[in-house]
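Residue numbers (the working numbering), protein chains in the order written: chain U, 195 to 670; chain W, 940 to 1034.
No lab work stands behind these hints: they were computed from the structure. Keep in mind that this is a model prediction, so the values were computed, not measured. You can trust all of the hints, since none of them are fake.
Footprint (simulated), chain U over chain W, 3 or more residues, beta carbon under 8 Å:
#1 948-957
#2 986-998
#3 1012-1019
#4 1022-1030
Straight line, CA to CA, 30 Å or less: simulated DSSO-like cross-link-like pairs of lysine-lysine:
#5 U/Lys598 with U/Lys583
#6 U/Lys620 with U/Lys638
#7 U/Lys662 with U/Lys603
#8 U/Lys638 with U/Lys583
#9 U/Lys212 with W/Lys1003
#10 W/Lys965 with U/Lys273
#11 U/Lys408 with W/Lys948
#12 U/Lys580 with U/Lys633
#13 U/Lys670 with U/Lys636
#14 U/Lys652 with U/Lys580
#15 U/Lys670 with U/Lys615
#16 U/Lys485 with U/Lys497
#17 U/Lys485 with U/Lys379
#18 W/Lys948 with U/Lys323
#19 U/Lys670 with U/Lys649
#20 U/Lys652 with U/Lys662
#21 U/Lys273 with W/Lys948
#22 U/Lys273 with W/Lys979
#23 U/Lys323 with W/Lys1003
#24 U/Lys273 with W/Lys1003
#25 U/Lys308 with U/Lys485
#26 U/Lys497 with U/Lys549
#27 W/Lys1003 with U/Lys379
#28 U/Lys534 with U/Lys598
#29 U/Lys485 with W/Lys1003
#30 U/Lys549 with U/Lys603
Backbone N, C-alpha and C fix where the C-beta goes; we use that ideal spot for every residue, glycine too.
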Amino acid sequence: MEYEVIIGIEVHAELSTKTKIYCGCSTEFGGDPNTHCCPVCTGMPGALPVLNEKVVEYAVRAGLATNSTISRNCKQDRKNYFYPDLPSGYQISQFDLPLCSDGKLDITVDGVTKDIGITRIHIENDAGKLIHDVYTGGTLVDLNRAGVPLIEIVSEPDIRSADEAVAYVERLKGILEYIGVSDCKMQEGSLRADVNLSIRPVGQEKFGTRTETKNLNSFRSIARAINFEIERQKEILESGGVVYQETRRWDDEKGEGYAMRAKEEANDYRYFPEPDLMPIRLSEEYIQSIKETLPELPEVRYKRYVEELGLPEYDAGIITSSKLLSDYFEVAANECKNAKAVSNWIMTDIIRVAKELGVEYDELPVSAIQLAHLIALIDNGTISGKIAKEVFADMVETSNDPEKIVEEKGLLQISDEGAIKEVVDKVIAANPQSIADYKAGKDKALGFLVGQCMKEMKGKGNPQILNKLILEELSK
Amino acid sequence: MAISSEEVKHIAALSMLNLSEEEINKYTNNLQEIVEFANKINELNTDGVGESTVATNAFNVFRKDEPRNSLDRELLLSNAPTSNGEAYSLPSMRN
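Chain U with its partners taken away, still in its complex shape (with noise of 0.2 Å):
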């Protein structure tokens, strides 16, 4: 049978300010444990929470940019549950009146756009950290984490697939990004998904019964989890079984999801108006120079990539997905004034680079500037492409400025037609075979003999002369 997979995502991101969201304590991440804690984010009795205004500001940017309604009038909830990661006893989040709601985003996924509503984004605060302790089997717990501010934004379950899931949360992420309001690094826990997940038969209406798959930390674990749930649920319904409404978990390493334990699944929140904070009342004026600050967003900046510096879209799609490519690609097409080449370095190169050593693009070993005068060195006839492959290697390993390296290894182009005209010589006179080849119209010998001249040459040939001056030498 055919199936409809009907999916909603829930995301939250660290929201990237310096303090917690009802405390001064610091947010920074990987810190000695424990040791970003006071009374009001450990839940000590009698400790009053006062909000961070930026965690309002952050909030409202990520619903102007996401298309959102920003509420005038709205007000935090107590969000009511036991589990040790969590102080106080209770989360404090919003319920019935979040802080902006009913926006959208586009995206799109093998050519076709189309929108993903956006239910609600509500400011929160994220819990402490479990750890498990291997010396005696118990659980420490670190609360530097508890308090820090978190946004959740909550999808609409307009996402159809793997595809379509990955696509909305990269899409989201690269908005976050733009906006300055998370740095998003999912490997640090600081932006996680959880699927709402269900199937139904091509043609049924009604909803099938739906699974969350919680905390999911890579693109690769959400299309993997998502596509390993849609088989599970097949493979239920297909043998007249019945989905059960649960939390699941998915372990990345095993490639398996797997279902919480009831215990801990017993869902009662008992929400009420949080008595501690007062109401959040927001102007069209604040609403407004919020607005005014909002950054060039990726849609734009594709937009500008495709039509004014003729990128493919493809790859002007790809850059624009994470802000800090897109300013890498910024920096360096500005200082070497050739967006092509750097788009393709980027494309071919320096994505591979950071998914090899596991770093963000601020982190990368090339920096843009020592990229943009790698570019500007093949575009001066300085060096030639190929050994600007060899110069990059090393630049990865070194982070070495490219001149220097060039300088060092002595791998200067020759651009000296003297010199090459010796070297195309004593090619031609050692392969009389091909020279024949060549006459008797086949055009392979051609590369051949440059192949053999660029031996001889270590790569350092200019390849625009030595094929000059092969025609002519053949032409003779």
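We have chain U; now place chain W onto it with these hints.
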């Protein structure tokens, strides 16, 4: 509104508490009294009073995004029944 022992069991389960039958009876009665006390507020005449979620007229009470010193870790952990000096320590949450 009457509190049933089933509700007490439900709340205990949410709070990860294991209660004896005796305790369930005791807390059912306690909660019943608390709810009855809170019910007194329903005796007030609120005709013409608008809905509100807080007891004051304050709104937009914000704090600047400026870091402040956190608590000394030793002091923080001195509130915990058990710690390993760096973190709160608990029985395993894996099972």
